[in-house]
Structures are given as C-alpha cells and as structure tokens.
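Peer 1: The lines below spell out each chain.
Number of protein chains: 2
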Amino acid sequence: MAEPKENLQMEKIVSLCKRRGFIFQSSEIYGGINGFWDYGPLGAELKRNVKELWWNTMTREREDVAGLEATIIMSPAIWKASGHVDTFSDPMCSCKACKKLIREDQWWTMMCEQSWVQSLAAIVEAGTNQLSGEDLLKWAKTKGKSLAPNLALVRNPEVTLSWLAEDVEKGKRPADAKEYFQYLATEQRGATGFVKPCPHCGGELTEPRPFNLMFKSHYGPVESDENVCYLRPETAQAIFVQFKNVLETSRQKVPFGIGQIGKAFRNEITPRNYTFRSREFEQMELEFFIKPDEAVEAIHGSVATVPATGHPGEPQPNWGWQTWHQYWVEERVRFYEGIGLSRDTLGFHHQTPDELAHYARACTDILFKFPFSKKDEQGNVKGDELEGIAARSDFDLSQHQRFSGKPMGVFDEELRAAWGKLPKEKQDDLWKRYYDHRKNYMTKSGVEAEAAQKQATEDANGLAKGQYVPHVIEPSAGVDRLILALIANAYTEVTKTDDKGKTDTTYVMKFHPRVAPIKVGILPLLKNKPELVKKALEVRDLLRPWMNVYYDDGGSIGKRYARQDEAGTPFCLTIDFDTLGEKPELLDTVTIRYRDDGKQERLKISELRDFLLSKTR
Amino acid sequence: MAEPKENLQMEKIVSLCKRRGFIFQSSEIYGGINGFWDYGPLGAELKRNVKELWWNTMTREREDVAGLEATIIMSPAIWKASGHVDTFSDPMCSCKACKKLIREDQWWTMMCEQSWVQSLAAIVEAGTNQLSGEDLLKWAKTKGKSLAPNLALVRNPEVTLSWLAEDVEKGKRPADAKEYFQYLATEQRGATGFVKPCPHCGGELTEPRPFNLMFKSHYGPVESDENVCYLRPETAQAIFVQFKNVLETSRQKVPFGIGQIGKAFRNEITPRNYTFRSREFEQMELEFFIKPDEAVEAIHGSVATVPATGHPGEPQPNWGWQTWHQYWVEERVRFYEGIGLSRDTLGFHHQTPDELAHYARACTDILFKFPFSKKDEQGNVKGDELEGIAARSDFDLSQHQRFSGKPMGVFDEELRAAWGKLPKEKQDDLWKRYYDHRKNYMTKSGVEAEAAQKQATEDANGLAKGQYVPHVIEPSAGVDRLILALIANAYTEVTKTDDKGKTDTTYVMKFHPRVAPIKVGILPLLKNKPELVKKALEVRDLLRPWMNVYYDDGGSIGKRYARQDEAGTPFCLTIDFDTLGEKPELLDTVTIRYRDDGKQERLKISELRDFLLSKTR
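Chains as they are written, first to last, in the working numbering: chain L, 1 to 617; chain H, 1 to 617.
Relax, there's no trap hidden among the hints.
Treat identical chains as interchangeable: a pair holds within one or across any two.
Heads up, simulated DSBU-like pairs for lysine-lysine below, C-alpha to C-alpha not over 35 angstroms straight-line:
1) Lys-369 <-> Lys-510
2) Lys-615 <-> Lys-534
3) Lys-216 <-> Lys-244
4) Lys-465 <-> Lys-432
Derived from the structure by calculation, the hints contain no laboratory data.
Next comes chain L alone, as it looks inside the complex (with noise of 0.2 angstroms):
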C-alpha cells in the first residue's frame, strides 16, 4: 500500500531537520530514546528567537505582565492540589499476549497504522459484490505471516474467515472495519463485549486502567514515600502558587498577568508525530488574572458586551472574563500571523461543554494544519493544537488557598469603594451570584455542603469589603510544537529543469525573518581575493553585534545561496569588486538578495543595520 502523502511529506521533513542540523534524535549514538529530541544548531537558535519573541511581546513590551522563572521539580503538594497526582492520567491497556502497553484513546487509530489491519479492512470494505468466501480463504493464506499472529483469526483462520465468508454472502458483513473487529471478537469468543486485539500481535488487551503521565522521582537521601517529588507537567502551577509574592513585588495589580516559559515533561505512552507529542517538552504560558465578573459589575455597573467577532481592542476597565478570553485568543492569533503563520494555515476548536473541565468556562484551541493533521468527515483538515486559551475561573488559585492555608485572594480598594455606593438589590443580587458561584466550586471539588455554604458565605462576605480571588486566563502555548508548525510552514521544495531536461529539486525554508535562524548570510565573491575578503569581515563585524550572522566563503556563489535557503536565512550579501568601488558609484554597497523571490539589488552599507533590523525584528 502507497505511503500517504501526509506522511511522506512529513519523513522530507524530518530528513531536512537532520540532514542540516535542526532537529537530532536525543541520544542517537546509543540508539535513541523514544519521546526525547534534541536541536542542533539551527534548531536551537530557532527555538531561541521564538522565545525572545514570545517573552518580548508578552511580557517586556507590555505594561501588565511580569515574568517568572520556577524550578521543575516543585514541592509534591502542588501536585495534590492541583489535582495532577489524582486525576492526571491516560486509560491504558496491556496486551496479555506480547505485554506491548497501549493507550486506549490511540487503539483505533494504532490499529489503522498496521497493514494487516489495513488489509482486513480493505476485504470487509470491499461488500458482498466482490468478494465470495472463497476469495477471502485464499487472501488470508497469501497474507499468512503479515497477520497478527496472535489474532483468533489467524490462530484459525478457516473457521474464522469462512464465519466471515458466511456473514458476507448471507449480508449480514457489519459496516465498516471498526464494526467488523466488534463483531468478530464477539462471535469468536461467544462473550458479548468486544475485546479489542493487540495492534500488535492481534493478542487479547485487558481493561484499561488510569497511567499517571507525571516523571517521579525522590528529592533528599532517602528513597521513601515522603520525599516523593515529579518533574512538573506544566508551567502554570508554579505561577500560581507564586502569585503572592509576584504580586507584592511588582507592584501590579489585577488584571495583570504571570509569563514563563520553561521545560515540563509528560511521560506519554505513545510519543507520536515528531517533536510533536513527546515526553519532554517546553511551554510558554501566562496566567492572566482578572477580577470576577462580580466585582466588575459592582465597579463599572455593568460588564462590557463582548463583540462578536475580532479583537476587542485595548484592554478596558470594564472587561468580564469573555472580552478578556477573546482578547487572549486574538493576541495569540496575531503572535502567529506576525511569524509567519497566516490564519489560513491555522484553525480553531472551541471545547464543547463536554470537553471542558468542571471549573473551566471556555477554552479555544489554535491549531496548525499540519502534514500529520487528519481530516474530517467533510475532508477538511482541522490541525493539531498549538496553544489552548482557556477561561479557568477562580479555580486554580482556590485550590491552592484551600490546600496551603495561604490566603490566595486580593484586596481591591475600588471594589470595597463602589460596593458601598451600590443599591441594596443590587448588593444582594451580586452576593448571590458570587456566593453560588463559590459554592458550586466548592461541591464540585469535593467539600461537604455544611462547610462550602460556610465558606461561600465568608467569601460573599469578603466580596462585599473587596475581597476576592482572581479568575484567570490562561493562555498556554507548546514552543516544540510551534517550532515543528514553522518548520512546516516554512518548508518548500523548488523543482528546476535545466536546458538538457535534467530536473533538479532545491529546499527553500522560507521562515519569517523574525524567527529565522540565521538573518542573513555574508558571502565575499571569492575567498582568494583578501580585498573582498576583508570587505566581507567588516560587513560581518557591522552586523554581528545586532542579528545571526553567517559568514560563507565556500563553493560557488549558486552553491552558497542554496546552502542559505535550506537554513532558511531570509538575506543574502555578496561583496563583490563593485563593493570595491570597480563602479565607483557602486562603492560600499553590497547586492542583497531574497531568499523567497531570489530578487536581488544594491544596497549601501552604511545602510543596511537599519534596513535588516526592520525587517528581522
């Protein structure tokens, strides 16, 4: 069966990674480690661009951000608390026969990955009209090996498929391949469940039971249950449990946000796509608080409409948490519009109240369509998530509060001012809607009703003197799945046939320049002219001290180019004899020429730090 286009797209480009040092296997000499991936050097100064850009714009750039930069491994209460120690795990299944362990939620999709799958399918897919059960003994000879060999079927493949055969002429074939496997392991085994094969070997998987995906480890001298410690799943907890001490020393207030960016790990069962779903990995996240939509309607009298569509605009005093989650979202679609990312590479979830956490109020997933991306029932493709916005309420910082013993809330002057001033109605009326809401967070996390109307009362209480604990926005973004996003995107082969019919394909990474790992490559004509090499070295120290620079004397000027296309380096300088002054009015300038269009034309030296730094900032 032909490889998938997707799929052979997506082995070019991990060739690329390797081939010109963006993306290693972690540990490769010693033959890998699954889930683990290194950057080489252009990699590595990639990642670093799209963190300084991230970091710039979402925290020195802005008045109402500060930053933060925790440990990994963090005290193991936090964990409890934010419920990751209880609750954060996949459902898994072992196979009883080759002890291969599976992750429910992938069964299907493993299942599809494997040709004997495909080939069965293939058959119950074909209906009644082609193939006779004769045909289907045959075809299950020739497969023989290339069958699960632990599969009923192919323990006894002429009973199983002549039950099959059967099935098929009298039409009673069930619709489709998943149907098929049901009704196959319900009919062999006369049980009435379906037990789902190994994709592996077709052997029989248990029940699944929950895999905690938190690295454990021991903190201290002695391996015991009290110095039990895990390397952090996420970025985000250490911010909360650091708001206070953020909070009273930089001089914010809310709203206001907390940015990181910092390495988490998840010990997944079935690293899959790349870099894309693997154990260790980075974030950048900023956890914006703001005040509950309670306090804002006691201060402004009313929270603001959110529009329908769009950006918002400049943050306003009267924001509830929809404007604020709808502002994140378009902030965060613009961070990726100004790298290179246009909206129509991207696309959007918005979780279903299904999918949302109890305490969570909205969450809008930005995805990228990659080559790996599946389609849907209508052929689009949808992407793959690079970056969830979620509206997390009061939740985290509550929970927190509850599990420390550290108040987690904050006074607002503002608040306890206009309270005062508000119609009793309207007092009693927002006291309600405050103390349900608190309540409701309280039951839902497990507090008896006695003690959460106690503490929802207390609460209420304190909203009326001004007291409250943030809600949160909590935009949290995966740079390893951003920089395979940008690889993506930016990989683009060119396909040239010559005068002799010859066809020859180059690679061009057309990054943004922002992000590109290389700004721009220095080439003096020729490396045995010390007049143009001298040149070349000074251009070189003028733009070194502001941008990545790359200095090439190597191989033709052609060859030179090519090798600044594959890095993706968006600008190329050559210093030529008119640099010299061969053209006296071409004196001190240099050609420059575009990676994306391979236009080319003169500018001075003296002009080009300003020039390349509007372009590559």
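Based on these hints, arrange chain H on the given structure of chain L.
Peer 2: Quick look at chain H alone, frame taken from chain L:
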C-alpha cells in the same frame, strides 16, 4: 555568640532578593522544598540577560562555535559511559540516634556551626591555664540542654569532664577541638578508631557509604530496571553524544566548539549557601574540540609555547592544549569583567594533580569572593567556584566511542598530508607518544592490557592516516552562581544622615548595565499632567522595542529613583516641563539620572536610543 559578619551580609541580600522579586523560595506557600529556588520578575530578567550574553559571546559572535539544545532526560547508557552511574556520588553517613543524613566531607563544617561545639571547642582551646577541671564541670552543668543530647559527654558529663579536667591538668590536652573529639570518642568507647558524633544530636554516625547524586526516574509506562532514566547532572554529555551530528551539519572543522545552556540536577544531600549549591540549577557549557598535540606537531613542526601569563591572543593553528586552555581561562575572565565582576572580586584555583581526574590534564576554577566564602590560614578570602575550565584530553569522546560502538573520531586531511612528509624518526616519535597516551587512557579506564595495546596500535596507525579523537577544553559555568555573584557584587548600602541627625539606609543594586534587569526607568515628573504623561509614554514606546524599560508614575521622583536603585536600573529618564518646551532650548530633551553617582544631565530624545544601546549592550 554574634552572627558572623558574612552571614549577616547574606541575610540582607536574601531579604532584598525576596522583597524586590529577584529570588523566591520554590513552593513557598507549601513550606518550600529544600534546594530549589525560583526567580521572580527581576531575577528572571537578570538571568535572561546573563544567558543571552553568554550565548552571544560564546556562539553567535564566534565563527568557531555552534549551539545545541538537548534534552534533560537522555539515554541512561550515556551516564554509564560518562562514569556518573558508578562514581557520581558523595560519601554519606547517617546518625544511629536521630537518623539524619550527613555528607562526610561536610561533617566538620556542620559541627562548627553548632553552638554546643563552639562552646566545647572554646573550653578545649582555652587550655590549661584558664580552666580547671572544676570549671569545666561547672560550665557543663550550666550549659545543660544546649549540649548534644546523645553525646556521651552529656549522658555522663561528670565522668567525661573529670577525665577531661584530669587531662587538662596533666597537660595531655589535645591540640585543637577536632582532635579533642577524636580523643574523647576513643577514650569513652575504649575503641581505637574515631567514631564521628552527629552534628545535630551528638549520636554515633555510621561509616560513610556512597550516595549517587543523580535524580532517578523511569520513562515509558512500566517502572522497571530497563527503563530507568536520570535527570542530567551536567549538560556536557549531550554535547559529546551529539558531536558527530553537529560536526556533520554545521560545516565546522576541529578546532571548534559546541555551546549549550540548560538545566541540570544534582540531588545534593545538604544544599547550602542560598542558590549557590541547589538541587536544580542551570549551566552554560562549552566543549571546545581541539587536535591532539601530536597532530598539531605533525602539521606545524612544533606546538606553540604557552605565554607565561595573560591572554595568548587570537587563536593560532599551532596551539596545543595548554595554550587553548589558557586562552579559554582568559576569555572567560574577560566575560566576567565585561559584566561587572572586576578581577579583584575573582579568585583562581589551579587544581593540583591530586585533585584532577585521571584523564584531566589541567583544571582552572574561576572563583568569586562571596560573602559566605571562607578565609584561608592567611586570612585571605579565596572565593567559591563560578566556573571550571578543564582540559579533559580525549576522554569523553573516547568513552562514548567505546560504549556506543560508534566512531567519534574525525579525519584531518591536513594531518594526513603533513604526516607523509615527516622524517621517519619524527613519525615514530609522534606515533609512540600517541600510542602511549591512548594505551594509558584505555588501561586507566579498565580495558585489559592486551586489548588496550591492540587498540592503541590501531589508534596510532589511524593518526598516521589523519584520524584522531579530538581533545576537549571545557569552560563550564553555573548560571545561578553567577547570578548570585552579580547580586552580591551589586549590593550596596547607602546610609545618609539628614539635617536633624536622622540616618536612613537605602539600597542600590549596582549591576553592570549589560545585565541589569531593567535598563531604564521612564518617569513623568507629574502623574496628573496629561501632556507630561503623553510625552513619557512616547519615550517609553521609542525605547521599549530595544531594551527592557520600566514606566513609573507613582510617588515622588525621589521615591521612584530609590525604587529603580533597588532594582538595579542604571538609568532613569525624567520627562518634565522643559521637555515640553517651557525653556525652549530644552524642548524634547529629558533628564538622565545615573544610578551609581546620582549625577544628572540633559539628553535629546532623538539621541536616547543610540546612547542607551551603546551603554547597555
């Protein structure tokens, strides 16, 4: 007993770091986690700046260094090859009474910190003339509970102290407190060996056992011996295992380096001195690969002689490992000087042959004189390690070649060509020296004599054909230690006495502008004058794309200056009525105020960007 001055200084620094948001205790609301520290908003910026400067200096601004960003979790086989699984351990004792764990090499330091040891030591060191046996008994009784509860001295003070008194009177008193403990233990137990008392309770410590410092975890869904993994205890090994991939994709040739910045983890038994020795930390490491001296000599006739002191200048092809080592020591000192650590704040430690690992040829530690650094016998502060620059021979690549079975050598055409032209005696001499070196490495690494001879013969024959395993110089710096050094170095108290004789102490963090978290504070003279605010925001928006700025309109100008002084902001710009043209000749100028001397002058807004960039980059 009075707090030693250096600890008081550290306490003040720790307090300022927390108060201003440089450093927080990790997981503080849950009582913290020993050995882990978070960086708050100012600390995160400071750290970013330091890492960025290292990266730029060490990779982007050099032709001969490529970057890498590898994973924290790598194949466990790497740590077998590097020796970390077998030998990366500290000797640890546990107390039979209180069960606490003590690093054997820190025992005496910890003892000295206990007040009961200090008291006892004082008695012993006071000598015969000042204390009688009766004095001792009286003293012991008054001290009562402050003595270690499990120490025999306390269990039976009369007997013990009468022994001591007798000895003191007889002039048999041991020379110092450490010897006294040995004496006491031997006498009391009737044993010949010294049993160390626990610093916490005086109980008996066990013999030391090795304790591996790597954090251990498991990857994949099953916790079995086959999928043990470790958090890297250093970033260096990733560079070695990716050496070939980087070499092949980066167009570098030996000599060249690979740089990496990243987290590493060591499960220290007793994390100490604030962030200096923590369990999670960040490293900036360069592995600079060079030709073996025998290859240099074959190509260039001889190896360059090493200058007696100082920087050897621009790299030359005939440098051997010693000159390269000196070069990197001096380059790294320049780096520290360039971010404000002058040479007199630094110290050096040249490891002695006893201290060096068997494969290392030299290691120079660059030290910083921290407030907690100890004095030597002459009363001089030597300092504690910021960075080690090691000449590690070809040990690392050779180990990975041996353990992975993958060739880690390079082919050097220049060497091959030069070798053919050498006289026979020279060839034999170089062959023999290389052979000896390779045999020595293998024998010391546990390869049997015959196999070692065979392999060394192959290696030396390889050299003659242009093949060798590169040697390496490793400048390895700790980010967190450097941050702490920069903070300690910047910390300045300014005490002023006003007219009424009232003294006031303010704090100025005198960071070098290149590392300062905030480069410039932008202050409108008055908050309630819209035209001043508007102009100030214009200045902010002019500078913000180029550097981290802080806009502050809260409180008096003096208060705002003081706030920026504590944050370490080197420049403040005040926008006043003259900026708006009250004095026409001052239109569009601002007052710049310098943090370190408080001097002020006027600058044109149009010149601000370039002026500030020249100071802060």
